[in-house]
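Chemist: Listed here are the chains, written in short residue letters.
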Amino acid sequence: DQQVKQNSPSLSVQEGRISILNCDYTNSMFDYFLWYKKYPAEGPTFLISISSIKDKNEDGRFTVFLNKSAKHLSLHIVPSQPGDSAVYFCAANIIQTGANNLFFGTGTRLTVIP
Amino acid sequence: DVKVTQSSRYLVKRTGEKVFLECVQDMDHENMFWYRQDPGLGLRLIYFSYDVKMKEKGDIPEGYSVSREKKERFSLILESASTNQTSMYLCASRRQGPEQYFGPGTRLTVT
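Respectively, the protein sequence lines represent chains A and B. The opening residue of the first sequence carries number 1 in our numbering; numbering runs sequentially from there. The opening residue of the second sequence carries number 1001 in our numbering; numbering runs sequentially from there.
Just so you know, the hints here were simulated from the structure itself, not pulled from any lab data. Note that CB positions come from ideal geometry on N, CA and C, so glycine has one too. There's no promise every hint is true.
[As the list claims (entries may be wrong)] Sample of chain B residues at the chain A side, in silico, Cβ under 7 Å:
id	residue
1	Leu1045
2	Phe1048
3	Tyr1050
4	Val1052
5	Glu1099
6	Pro1104
[As the list claims (entries may be wrong)] Below are the DSSO-like pairs computed for lysine-lysine, each with C-alpha atoms no more than 27 Å apart in a straight line:
id	chain 1	residue 1	chain 2	residue 2
7	A	Lys5	B	Lys1057
8	B	Lys1053	A	Lys37
9	B	Lys1057	A	Lys37
10	B	Lys1070	B	Lys1055
11	B	Lys1053	B	Lys1018
12	B	Lys1055	B	Lys1013
Assemble the whole structure, with the sequences as input and the hints as a guide.
Modeler: Written as structure tokens, this is what we have:
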């Protein structure tokens, strides 16, 4: 059963505009969330994360928003650049139990059109 | 910088062959992981290891085994490869925090 869901398999955005990638989760025990970016034929690279005690975390062009009541998080990329074209995975963890593994969503392929 | 390396980027094997995928990390991380990535399914955890000689099953361990004889090395073994094991295999490691660091992946094709 998929505990982390990314319901949009793909997203296309014009260069310079905002990209919004969404992620939903079902397990209320998740207390830490991460976004990874993956280019073809490469491993995922860590992008940004957020703890459940926060509702926003920003790093340059990337901002992650967390809505715990809705069990929803989103990644905003502003402004979008062609180099941002990749597959983005949302992941969740339960830090308080010391759980080792991450639960990943199915990914959203972002295409930024020049 | 954390470095996770995988022995092969591309591999083609025949059905029934025994396949070894090797992963090495250079940052003294305790935890290491093997995932497979398939279109529409995301990353699914096969096995992980939290210490030398220790292993735990992930979500899809059937048809796979692992070995961790040294801290820096984590091997994934396909005892008898089948066509449904054609996939991208990703190794990752982590120390204390939740962030995992991934290798470049091995694209395995079983014919």
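Chemist: Using the nearest Cβ pair, does Phe1048(B) come within less than 7 Å of chain A?
Modeler: holds (6 Å)
Chemist: Using 7 Å as the Cβ threshold, decide whether Pro1104(B) counts as touching chain A.
Modeler: holds (5 Å)
Chemist: Under the criterion that the straight-line Cα-Cα distance not exceed 27 Å, is the pair Lys1057(B), Lys37(A) satisfied?
Modeler: It holds: about 25 Å lies between the C-alpha atoms, which stays within 27 Å.
Chemist: Given the proposed pairing of Lys1053(B) with Lys1018(B), does the C-alpha separation stay at or below 27 Å?
Modeler: holds (21 Å)
Chemist: Within a Cα-Cα threshold of 27 Å, do Lys5(A) and Lys1057(B) meet the stated pairing?
Modeler: Holds, because 22 Å separates the two Cα atoms, which is no more than 27 Å.
Chemist: Checking hints one by one. Is Glu1099(B) an interface residue toward chain A, by the C-beta closer than 7 Å rule?
Modeler: holds (5 Å)
Chemist: Take the shortest C-beta to C-beta distance between Leu1045(B) and chain A; is it under 7 Å?
Modeler: holds (5 Å)
Chemist: So, Val1052(B) near chain A? Judge it on the closest CB pair being under 7 Å.
Modeler: At about 15 Å, which exceeds the 7 Å cut-off, the nearest Cβ of chain A leaves the hint on Val1052(B) violated.
Chemist: Does Tyr1050(B) pass the interface hint, meaning its C-beta sits closer than 7 Å to a C-beta of chain A?
Modeler: holds (6 Å)
Chemist: Can you confirm whether the C-alpha distance between Lys1070(B) and Lys1055(B) stays at or below 27 Å?
Modeler: holds (13 Å)
Chemist: Taking only the CA atoms, is the gap from Lys1055(B) to Lys1013(B) under or equal to 27 Å?
Modeler: At roughly 26 Å apart (the allowed maximum being 27 Å), Lys1013(B) and Lys1055(B) satisfy the hint.
Chemist: Would you check the hint for Lys1053(B) and Lys37(A), treating anything up to 27 Å between C-alpha atoms as holding?
Modeler: violated (31 Å)
The structure is inconsistent with the numbered hints 4, 8, although it conforms to all the rest.
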